[in-house]
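Sequences and hints are given; from them, build the entire structure.
So the sequence lines, in the order shown, correspond to chains A and B.
Numbering-wise (our numbering), the first sequence opens with residue 24 and increments by one.
Numbering-wise (our numbering), the second sequence opens with residue 32 and increments by one.
Think of the hints as simulated: they come from the structure by calculation, not from any bench.
Just so it is clear, CB atoms sit at the ideal spot from N, CA and C, and this is done for glycine as well.
Honestly, I wouldn't trust all of these hints.
[Claimed, not checked] Listed next, the stretches of chain B that the computed footprint assigns to chain A, with coverage defined by at least 3 CB atoms under 8 Å from CB atoms of chain A:
| no. | segment |
| --- | --- |
| 1 | 46 to 54 |
| 2 | 153 to 159 |
| 3 | 237 to 251 |
| 4 | 263 to 269 |
| 5 | 276 to 290 |
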Amino acid sequence: MSTGPASVSGGARWRSWRIVSMRSEGSSAWLLAPAALLLAVCFVAPILVVFRWSFFADGPTLEFYREIFGSTLYRTILARTLVFSLVAAVLSVVIGYPAAYFLATRPVRTRMNWLAVVLLPLWVSSLIRTYSWLILLGREGPANMALMALGLTDQPIQFLYGRGIVYAAMVQVLLPMAVTIMYAGMLSIEQTFIKAARILGASPAYAFRKVFLPLSASGITNALVICFVLSLGFFITPNLLGGPREAMISNMIDRAVNESLEWNLAAALGVVLLLVGIAVAGILAFAIRLLTSPGRMPR
Amino acid sequence: MTTIREAGSSRMLHLGFALILLFLLVPLLVIIPMSFSETRYLAFPPVGFSLKWYGAFFQNPRWIGALGWSVGVAICAALVAVPAGVCAALYLRHRSGAVVNVVLGALLGAQIVPTIILALGIRLVTAPFTGSLPVVVVTLAHATLALPFVVATVLPVLNKLDVSVEKAARMCGATPVQAFRHITIPAIRPALVGAFVFSFFVSFDELMIALFTFQTIETLPVRIWGEVRQELTPVIAAATSMLIAATTAAVIVGQAHIVRASSRLADK
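So this is what it looks like as structure tokens:
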């Protein structure tokens, strides 16, 4: 309140006093209460419930965890979930990086419009996006029809129910997220640094590699970790586009809840998914930060 | 300083970006012409032009019922998410550093944790109940998922808003509530509309929580999920085409409102 009306009469002074108190009113913590309540009821509580069900049947027990880690099936699916998520996250970042770079180097107005186009699929539910692959690549779908019309194949190609299509669909779902995160990071990079490198004689490629790339590393890290964690929970894509050999943990949770009615087991699978996700994301973030730490930056 | 090599790499960049857009959009755009086909199966190229699958959608009480539930839950979820998110944004306004990071991180947590875990936890609690409780819980859960979008939409606009106008209102004797109602809300109204639209669609598209929690009720995604796994009829193509069109329209409206909200304040 640097511009308080100090020179005015008594009544005004009393008002200015009230304005001084406005800041503390405006900042009071009760404004966070509705959001905090929602988070407590719909985010924290469900997770706690899942934990409880995973450790308690008739009494405290670890049998559901023993069941998971003692079974080759679950170990395979756990490993597969990790591999799928890692591959999908890396592909999304690698494919998304040039797109983010393209967006970040456009003039402001074009940039906003193109960003909205890239983000559009994010608002169409991943169910519909996965369904569209099912249609596009079906035996008599547009892709096969086009290939046959062009004479590139005389038999419809079996695109669906394999690993390749699951990866493609996962990347398509993740890509807008990856692009946006890396783009946001790139916007904060000072263009003058690149100019300086160029003036000092660096080729465009060298300036990009030695200046721009390291500066965009934190965006890459964030995108990679977030895409990885999001992939861990993928459920629709492997279910619709993959065969049994593409099932991921979420599909096992679904089966345990809705088919075999083993709710404790489902809860334990959920806890494993959550903890593995947190652990691997942490390790990933740490490892990347180590690799791109200032000590390794160009001097 | 543009060299031939730079021009070349820039052309590569354009091409790459175009390819990525194709990859993102083509699968979605392909459905729409197929939904107008006259055939009883999904044909490409579409045969003839017919609206009968749209007719079939609107004459089927199950599809209409699912649409009704989806719209109802989504409106309620947005009506919860927007006020809660605006309150949180008011708290974060003009703050920076650790507090903001902690609050935003907590809000984003619900988006990043696999939804199936939340869905499972909600299912385990609500399983014994039927009636209105599951509906309320799903609505609140959807509102929670929408919160970060509301805050992300409203907070930048609030931060741009000139505080002195609100201060002037307070000096003229307005209570904090009056100042908020008559000054702040009109100033950020476009952002509120944008936040409402985005919250609506977060809920409208959500499958996992609804699928796990509802036992007899079907929302549109739940219904599509059930149908897609049975057979691929053109009715689903019609339903999804309408969803894609509605989402696109809403995003354009929401985006326009947000752009207007920030440019209006920037002009001052």
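A quick look at each hint next to the structure:
Residues of the segment 46 to 54 of chain B with a Cβ under 8 Å from some Cβ of chain A number 5, which satisfies the need for three, so the listed coverage holds. Only when three residues or more bring their CB closer than 8 Å to a CB of chain A does the claim for the segment 153 to 159 of chain B stand; here the count is 4, and the claim holds. Only residues whose C-beta sits within less than 8 Å of a C-beta in chain A count toward coverage, and the segment 237 to 251 of chain B has 4 of them, enough to reach three; the restraint holds. Residues of the segment 263 to 269 of chain B lying with their CB closer than 8 Å to a CB of chain A number 3, which satisfies the three-residue condition for coverage.
For the segment 276 to 290 of chain B, the assignment as covered by chain A holds, since 7 residues bring a beta-carbon within under 8 Å of that chain's beta-carbons and 3 suffice.
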